[in-house]
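Using the sequences and the accompanying hints, generate a full structural model.
Protein chains in written order, with our numbering: chain V, 162 to 460; chain D, 1323 to 1839; chain E, 484 to 814; chain P, 26 to 346.
Please keep in mind that the hints were generated in silico from the structure rather than gathered at the bench.
This one's a predicted model, so the numbers in the text were calculated from it and none came from an experiment.
If a hint is listed, it holds; no wrong ones were tucked in.
Quick list of in silico lysine-lysine cross-link-like pairs, PhoX-like style, CA-CA up to 25 Å: (1) D:K1516 - D:K1828; (2) P:K126 - P:K294; (3) P:K247 - P:K154; (4) D:K1713 - E:K678; (5) P:K31 - P:K110; (6) P:K56 - P:K294; (7) V:K348 - D:K1404; (8) E:K678 - D:K1701; (9) V:K346 - D:K1404; (10) V:K258 - V:K346; (11) P:K186 - P:K220; (12) P:K294 - P:K31.
Residue-level listing of the chains:
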Amino acid sequence: MIFAALSPQFRSIENVQNIVDAAAVLAVVTCGITFVLMMGSIDLSSAGVMGASALTVSLLVANNRNDNDFGLLGIAVAVALGCAFGCLSGLALVLLKVPSFMATLGVSAIGLGVATLLFAGVQPNITDAMLKSWAIERFLGLSYLTWIAAACILVGWLIQRYTRLGRYAFAIGGAEEVLTLSGVKVKPYKVAVFALAGAFYGLGGVMVTSQLGAGLVQAGNGYDFSAITAAVVGGTLLTGGRGGVLHSAVGVVLVMVLTNGLVQIGVSPYWQGGVEGLIVVAAVAAAVIPQRRRNQVVK
Amino acid sequence: MSVPAEREPTTSAPVPALEVRGLVKHYPGVKALDGVDLVVHQHEVLGLAGENGAGKSTLLKALVGLVTPDAGEIYVRGEAVKLRSVVDAADHGIGMVFQEQSLVPNLTAAENILLGGEGGAVRRGVYRWDVMRRLAQEQLDKIGSKIDPLARTDSLSFADRQMVEIAKVLRIEQRSQHPPVIILDEPTSVLESKEIETLFAQIRRLREFASVVFVSHRLDEVLDVCDRVAVLRNGQSVGEVATAGAVPRELHRMMIGSTGSDDHYHENAATAVEAEQPRLSVRGLSGQTFRDIDLDVAAGEIVAIVGVHGSGREDVCRALFGAEPTTAGEIRMDGKKISLPNTRAACAAGIGYVPAERKTEGMVGPMSVADNMTLTKQKARCSGPFVAPGKQAGLVDRWIERLSIRTPGRDTPIQRLSGGNQQKVVLARWLVGGDIRLLLLDHPTRGLDIGARSEVYRLMRELAANGVATVLLADSLEEAIGMADRILVMNDGRVVAEVACPNGGKPSPLDLVKEMV
Amino acid sequence: MSTPVAMQPVAEPATGRNGPRAAQRLTGFMPLIALVALVAALAVADPDFLTARSLTAVARTAAPLIVLAAGATLIVLCGGIDLSIAALASLTTVLLALWLPHLGGLATPVVIAVAAAIGAVQGLAHVLLRIPSFIVTLGGMSILSAVALVVSGAGTVRVVDDTPVAWLELYLGGYVPMSAAMALLVVALIAAVLKATPLQSWISATGYSESAARLAGTPVDLVKIGAFCVSGACAGFAAVMLVSRQYSGGPTMADNLLLPAVAAIVVGGTAITGGHGSLWRSLAGALVVTLLRVGLPIVGVPSAYEQILYGVIIVVAVALTLDWSKVSIIK
Amino acid sequence: KPADVKLVGQVRNESNPYEASWLAGGDAFAKTVGLTQQRLTYGGDSTKQQEQISQLLAGDTKCLVMNVLPNGDSDTAPIVKGADKAGAFLVTQWNKPADLKPADYQTWISHITYNGVESGKQIGDALAKSIGGSGGIIALQGVLDTAAAKDRFAGLQESLKANSGVQLLDQQTANFSRAEALTVTKTLLTKHGDKVKGIWAANDDMALGALEALQQAGKAGKVAVVGIDAVPDAVTAVQNGSMTATVSSDGTWQGGIGLAIGFCVATGKLQVKDIAADNRAFFAEQFLITKENAADFAQPKTDPADFDCANVFKRVAGPLK
Ligand SMILES: Nc1ncnc2c1ncn2[C@@H]1O[C@H](COP(=O)(O)OP(=O)(O)OP(=O)(O)O)[C@@H](O)[C@H]1O
Ligand SMILES: Nc1ncnc2c1ncn2[C@@H]1O[C@H](COP(=O)(O)OP(=O)(O)OP(=O)(O)O)[C@@H](O)[C@H]1O
Ligand SMILES: [Mg+2]
Ligand SMILES: [Mg+2]
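Here it is as structure tokens:
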């Protein structure tokens, strides 16, 4: 709102398109991380997982490094790889009992390592027409990637609302011990949630590849903290049990509007990060003030 | 695990629904169960009584597969079984309502009821909300509860949540083809008397198609609702009593091995209050859930506040401890105006608070008994700014002895103690400093056995005799009447009545109930 | 004024000591065991690695990380997290580099005080505004980075005359690097203060159950603000070490130490949920992490495999060091 | 005793083409002298770089030759001091504060860099020419805290002075990153619309990101793009006309030459005192690559003769100012 007042360009249709398009990848990643946050866990693996899946997809679809041309199958494999990495985080959490913070940090490092191995010194550029078109072709003014993100949000919401996986993820954040007492085996669900999140990151990696036209090891750089920021700004609690995919979608839009708005009104690049941080803190503070009651615990 | 086949009835006597023989369970430093025998017949309500730490919860947890016994057998309808998990137990038709409520707060009531056994409500991992609603409604109808199955659990009242728990436990009927055994571990300790009546009606109804095991420290309740009472002491079965014609005293004797005193509330020890100036004087205190509270408590006086759920009395207590913001009003201690921006200030003013939610607010579970006891009072354990371990240890040991707290040692994490003993440690926290002037007790005897209760009451009397002012949110009206010198009745955030309650001139519970609603 | 309670406890103290069991004691040493195992593994991979010179270099390298992790450990023990330590250290390197020419030897205590104050401000924001520490310090991280960029003009600030901080580059007795000794001193000092005062139990109580601690009258808010303040001061001191090592200050100099510092805390076995843990564990953890960071490439592990190994080892190390009996639910 | 020499090449990471080619060049040189290069990467993390160096110097340093890419200007001083103390031979590239001079040291043999002001100006001029000498352009800056980013931008400003018709509409940092360049360019394109005639990027990665943004905005081919580094993809883009120009910085050569200089000194074929002062810190030759000459740069190749002790300073384009 403020930006709209400060900058006429901000209000333009193109800019709205731009914001929505730019939000696509973050939306998909945030969708995945929301499920993990809902459980009260945290996930920092997106950077590594996205890197690995970006390299995988760029080496499987038509590209300049090898003769592969698997098209959709290649994309599916990349998403499945993300899923596998998610599984790995989940297994480390439930079997080795490593807190998710560390488990996912470790998996992120592994993902980056795998990505570097696949990279092998030469940048793979994609020539696959379909994957490239995702970022370029438009439908109703928005790029295909944006529609894919919208579909992800819808799927995420359906999972959250209508599947046992989604509801249990929510319940685990609310009272994990109660689930155990009720005879629910939570471990498989935890692993499944991480795997689901991993699949979203995998798709995110594919989307970045489509945008950049090349598989980058750094494809997921910075998405880990941005996604958490977006989810939290949207109202998801880091302690779990509250929030959801729709909340996160709103959070993503807010964060993107903010980033875009700061560039539009010409805030010095030095200050941009700082202003963003300040606004995030302010947003959360404003959100918690009405709920400030009782001997409530804030960690 | 397959459902055990019904045994041919060889004799005319029906097979007991559940039988336990020689159950043993060791914990580091304690023998929680020491060869317990127990029989639960079909269609009976069995009471289980015993002091704090007698092993009741441990026994029950063994029956639902949460605790693996070191030795002994469990027979379900004559069949020896090994129960490895809650699911295992549910498959055998055994379900439990736990001592602490166990519902997922951010799910709907329906989901909670069906949790872990959704049946037709979830097909291939996909929810069918309409089916879920119907199935949950069936369960709720069974116990006659009127709540909306799709309401979020944390929006329900405490009593309604208890109903949800019972509805949830009844689901095990669907899992085993047999009449279920339903275990209720202290379900009444957090309920109001009206809600207790409803619950008892439920229990009597359950008897038609199930067996019930019921635990409570209120012996009159036990005798009221149960057919038979089994008594545990120190992890051993010490006998059982048919309730017809039994009196609480007899039960109590079995529990502790000797006759208790008649004077439950130690009314003889009550001291006369001579109030020149009130110790605590509150004028026009208002907060989010209460308004215009006036309250005077003299040194040595016990003032009880009664009211129904949501009357705001708990928040008043917290406000007096600086744990809840106030919007107006003034608080004086011994005539001097004080402000209570935080709990620290209250402690400094000589105010102590025992919260009702012991597990989450009263104690720090993983920390030792000693640390829990000395968390607040620095002088008690420090010389200068530094902790003096010897001083602390001696002090703690003496208070453990003084309040007969049953613990393997002062370094044991408090969460390993039984509920009653935990509560004693929490109380002791305010006493170790020796400078307490006002005690705010929120349900201080919740979950305590009759002996421990009696001790807490005596403690309160002794403190009063030494000039400590006490505000009591009692567990029951009887307790309020028994202990208090004066009773305030709160309703909807206001003090609506004040009833004098001197020795010899006690009001009846009915008088109070009239004011409360 | 105060009413003495005549009701005195019984005189003779009951005896009932039960010391920690052997298994428990073993979990306490787990971080050390992990450390020794790692050194042994690196020595097998490259026998040259196990020289006094090489190990001293590790200790010297680890010093800033140890200090950084030690401060943040306090916040983790209180149940929070501090994501701003690295950014704060970066900012402090800039400030120190800018102020050294004017303040000389005084610059060191001044920047440490400034860093402590910045930490305290974040603590205040966390406590007063009731914003989760994750968010406050995430915001703090971006804000401090921005300030560092602006203050430094987005460039490195050279320290021409580094004599006031050069003492950190000396070697005690010709062998022990001064920075490592100072890091050890910081850890020992904080640990000793905690142990000797009620702070230890206040911090644990806050970490295990904040509401219970508050209702017991523990000064939870002060403890938390204090933890943030100490964490800030530690970040400041780490920055001094970095400046003495790099002869300059830079707006992003320490930024990459954030995740290693958090990893050090967790690898040490401190529960990220709060309550259980210690600074000594973080010390061992910081050494493990440093060995992984520098040891793997030096013994010749290729870059891609280095990252994979780092990920695997760190997860396994945490699995080994965490004392599960103290942590009921692992999120 | 060439066999005793230990060769170490250190760059940020192996996951970008430029630095990967650097390490490949180092390997290629090492092979010609029958040795292997120890590859070190520090992931763009200054502290990690220092840690690795100090660990390295704590080992055997008698015949150690290091070819190092310092992460930023500030990282050079400690590396130099450490190497000097340990007596290890050191060649640094790209980043160095102006007042720190190899001439003042014994074992810091040389510092090699490219003239960022010049390359920034060259591509600026090429850009101006391709948009016909007038119109608006936007600039994508590199990591603000590096000399390369600042010099290159200074070059652009010189070029702007010379081409008064060209107007700088906006400048933002995209941190040398392809992904960030994509977002920033998109935003700037919507902000300035059709006024944007050209995009000046401080490196090729960002230029390639900008190309993607143009494609997504449906403006591919309508806006001229220039970059620096001559990574293979950029050279291809210049070849097929989607990019206007880039400047070669020959990673393969850089990776080999640093080790070669060090090796020559370590084996005594060169004496530090014999090296001309101008060769102790120098700008290496660089070439503006446009459509005409792009084909020559399409494949990075090393010429073993470049690394001959007699030739190691053949590509010196001038002393550091
Ligand atoms: N997890 C545990 N670890 C160690 N000791 C335990 C544990 N659980 C219970 N105990 C001990 O076992 C004994 C029996 O405890 P239990 O909870 O069964 O008592 P209870 O009869 O239910 O008491 P209450 O009426 O207070 O609930 C107590 O001494 C208790 O300290
Ligand atoms: N008007 C209100 N708005 C919001 N919350 C309320 C309101 N009134 C009460 N509550 C909350 O409801 C809960 C129970 O209220 P209260 O403390 O008054 O119960 P109580 O009278 O102490 O009951 P009991 O002690 O018998 O359980 C508390 O958590 C309180 O904060
Ligand atoms: Mg019990
Ligand atoms: Mg209450």
